[in-house]
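So the sequence lines, in the order shown, correspond to chains A and B.
Here my numbering is used: the first residue of the first sequence is 1, the next is one more, and so on.
Here my numbering is used: the first residue of the second sequence is 1001, the next is one more, and so on.
Where hints are given, some of them may not hold.
[To be verified] Pairwise CB distance ranges, derived in the manner of DEER restraints:
no., chain 1, residue 1, chain 2, residue 2, range
1, A, LEU410, B, ALA1052, 26 to 32 Å
2, A, LEU27, B, ALA1052, 33 to 39 Å
3, B, ALA1052, A, ALA145, 32 to 38 Å
4, B, ALA1052, A, LEU33, 37 to 43 Å
5, A, TYR128, B, ALA1052, 28 to 34 Å
6, B, ALA1052, A, GLY130, 43 to 49 Å
7, A, TRP290, B, ALA1052, 34 to 40 Å
8, B, ALA1052, A, ALA173, 19 to 25 Å
9, A, GLY182, B, ALA1052, 21 to 27 Å
10, B, ALA1052, A, VAL117, 40 to 46 Å
11, A, LEU540, B, ALA1052, 20 to 26 Å
12, B, ALA1052, A, GLY435, 39 to 45 Å
13, A, LEU73, B, ALA1052, 19 to 25 Å
14, B, ALA1052, A, SER190, 43 to 49 Å
[What the hints assert, rightly or not] Derived list of chain A stretches under chain B, where covered just means 3 residues or more per stretch with a C-beta under 8 Å from a C-beta of chain B:
no., region
15, 98-111
16, 160-174
17, 315-324
18, 402-414
19, 437-449
Bear in mind the hints are in silico, worked out from the structure with no lab data behind them.
Backbone N, C-alpha and C fix where the C-beta goes; we use that ideal spot for every residue, glycine too.
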Amino acid sequence: MTASIARDAVRGGGRLPLLRWALLGVLLAVEALFLCTAYDAQPLLAGGQWWAGLLGHAGIVVPLATSVAAAVLLVGSAWVWDLLPDALDVLRPARRWWPFLAGHLVAFALFAWLTAVLFGGGFAARAYPGLWIAAWAAVGAATLALWGEALVPASLVVAMVRRAPAVLFAGAAVGAGAWLAGQVTDSWWSSLGAMTFWVVHGLLRWVMPELVAIPGEYVVGSPSFLVAVRPPCSGYQGIGLIWVFVLGYLWLFRRTLRFPQAFVLLPIGTVVVWVANALRIAALVAMGTWVSPEVAVGGFHHNAGALLFCGVALGMVAVARRWRFIAAAPATEASGGNATAAHLAPLLAIVATAGVTAAFSAGGFDLLYPARVLVAAAVLFAFRRAYRELRWTWSWVAAAAGAVGFVLWLVLAPRPADLATATASWQAGLAGLPGAAGALWLALRIAGAVITVPLAEELAFRGYLTRRLVAADFEHVPAGTFTWLSFLVSSALFGAMHDAWVAGTLVGMLYALTWYRRGELADAVLAHAVTNALLATYVLTTGAWWLWG
Amino acid sequence: MLAAVAVASASPAWARQWGRPPHFPHPVLWPEPRSTPEIDPGALRSALVILAGGVLVLTDRRRCR
Chain A
1 MTASIARDAV RGGGRLPLLR WALLGVLLAV EALFLCTAYD AQPLLAGGQW
51 WAGLLGHAGI VVPLATSVAA AVLLVGSAWV WDLLPDALDV LRPARRWWPF
101 LAGHLVAFAL FAWLTAVLFG GGFAARAYPG LWIAAWAAVG AATLALWGEA
151 LVPASLVVAM VRRAPAVLFA GAAVGAGAWL AGQVTDSWWS SLGAMTFWVV
201 HGLLRWVMPE LVAIPGEYVV GSPSFLVAVR PPCSGYQGIG LIWVFVLGYL
251 WLFRRTLRFP QAFVLLPIGT VVVWVANALR IAALVAMGTW VSPEVAVGGF
301 HHNAGALLFC GVALGMVAVA RRWRFIAAAP ATEASGGNAT AAHLAPLLAI
351 VATAGVTAAF SAGGFDLLYP ARVLVAAAVL FAFRRAYREL RWTWSWVAAA
401 AGAVGFVLWL VLAPRPADLA TATASWQAGL AGLPGAAGAL WLALRIAGAV
451 ITVPLAEELA FRGYLTRRLV AADFEHVPAG TFTWLSFLVS SALFGAMHDA
501 WVAGTLVGML YALTWYRRGE LADAVLAHAV TNALLATYVL TTGAWWLWG
Chain B
1001 MLAAVAVASA SPAWARQWGR PPHFPHPVLW PEPRSTPEID PGALRSALVI
1051 LAGGVLVLTD RRRCR
């Protein structure tokens, strides 16, 4: 009875303060990020004091707490649903939450100051260091407690725990167990590293006559390019990530899968991602030896792993959808086509092609950029019949919005720290191309900025995402339907996809508003194209190549 | 793949390979020992876009009966 009321209440929509919770989460993440990047605890840990030992182990708190919280929510999901009516009652507007937020901000200011005193240098000279450390820890705890109180009242949490303490203890045990398992298996990397090393060696020895190998140090390569297999490239990261991905997929799409057969994806994914990692390392050595050490280290090493992981993960999903052994209803292509693919494929094609070309360049100037334009154009052409919603009419408002976007980008986009190096790389790259090839490269670069990128990004972020965030059946959401959630989330994700994320979020909002105004996706594309055309003009006239990333 | 590697590991050629004294330190270690991150922020961002977008495309409800 209670559970049914709770679900009905939640389905009623909008009664939980999701926006406030999301903003509080972002606030805490930004505060933590600021402190972690501004200060370094290492100098303080060098001392032999009692608190240095405590601080040295403080790093386990966040992963352990995250693991326990996730496990409690997972184990107790039914319990949380049952008790949501209480939550709804307590969280009604009658209860003021903003005083706790104000208290949190004041406490955080004090905590930041104490952190600066402790970790900013000069702490050793202060009297009563133990007291300073205790005050820092107490203020930190108060900062977190006030944040938590603004999020959910402690009285509610206590009441929920009292009603079902077993759930809390079971969740805590599972979470702590998972964390402990992570610690234990972390020490096994050496065995996995050795296996990876042997496989890489086995692969290379057939093609590389002068193979160099130091088994004890897991070093393998050629006389001119050696690679050491360290924990991150032993395969552990890939295996951990594929488990997270597959388990998430199994949970989210559990209704389309047969159980327990679907769990076979875990061992398959583990083996495939590990073998793919060994192939990546062997390819890295081959590239560093026969192509270019700069490209191997500056491009291939950073990008190949991510691309391979994406390939393995999406391959698992494709298999899970079509393999009758685990798919409850094997996928077939519907006669109406895949509308999601029509909206997302151009962007995915650009991002994937950029990843591949980046893997074959040493960073900076991307000689293979035209490949992104050609691939995106081919995908757009393939789905051209699905773009009936694009009705091309001129809009001065959209063009003006694009111009405002240009100004915002110019003002807010941060210059790279190594501006001189980036500029030199571009100039050298362009100078290295013969006259006609250089002109062709620039023409395709401009075509990408003004045509394919605006089309691909607006189809994905405005045409698809703003409507997908309103309803799963996004095609039936009227064009230009506004909700705060879809507006803010789609713009934030658009910003997150760019290096200049603040500028990206704001211009994303601008394009979204253009789209909402008349419900014409072409308006957003036009605004985006105007911004990029003005940026291209600025880049070509001033030599500010960094704006082209 | 694993079976092939296991067979190769047991072969006399493998034994000869491991029997050789190590080449390290080698006269050329390009250009000097260095560590590089497994993935940079740009590649991570691209991977997340591809994964999220790829799952959305592959699980589009209209592809199921």
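query: So does ALA1052(B) sit 40 to 46 Å from VAL117(A), Cβ to Cβ?
result: The hint (40 to 46 Å, Cβ to Cβ) holds, given that ALA1052(B) and VAL117(A) are roughly 42 Å apart.
- request: Could you tell me whether the CB distance from LEU540(A) to ALA1052(B) stays inside 20 to 26 Å?
  value: Violated, since LEU540(A) and ALA1052(B) (Cβ atoms, about 34 Å apart) do not stay within the stated range.
query: Taking the beta carbons of LEU27(A) and ALA1052(B), is their distance inside 33 to 39 Å?
result: violated (24 Å)
- request: For the range 26 to 32 Å, tell me whether the beta carbons of LEU410(A) and ALA1052(B) fit it or not.
  value: Check passed, 30 Å falls within 26 to 32 Å.
task: Would you check chain B against the region 98-111 of chain A, counting CB to CB pairs closer than 8 Å, and say if three or more residues qualify?
output: violated (count 0)
query: In terms of beta carbon proximity below 8 Å, does the region 437-449 of chain A have 3 or more residues touching chain B?
result: violated (count 0)
- prompt: Is it true that ALA1052(B) and ALA173(A) lie within 19 to 25 Å of each other by Cβ?
  reply: violated (32 Å)
field: Status of the given 34 to 40 Å range, CB of ALA1052(B) versus CB of TRP290(A)
entry: holds (35 Å)
message: At least three residues with a C-beta closer than 8 Å to a C-beta of chain B: is that true for the region 160-174 of chain A?
response: Since 0 is below three, the answer is violated.
task: Determine whether the Cβ-Cβ distance between GLY182(A) and ALA1052(B) falls within the hinted range of 21 to 27 Å.
output: For GLY182(A) and ALA1052(B) the Cβ distance comes to about 25 Å; the hint holds.
message: Within 43 to 49 Å: is that where the Cβ-Cβ distance between ALA1052(B) and SER190(A) falls?
response: With a Cβ separation near 34 Å, ALA1052(B) and SER190(A) fall outside 43 to 49 Å, so the hint is violated.
message: Quick check on a hinted range of 43 to 49 Å for ALA1052(B) and GLY130(A), using CB atoms only.
response: Because 48 Å falls inside the window, the suggested range holds.
Checked against the numbered hints above, the structure violates hints 2, 4, 5, 8, 11, 14, 15, 16, 18, 19; every other hint is satisfied.
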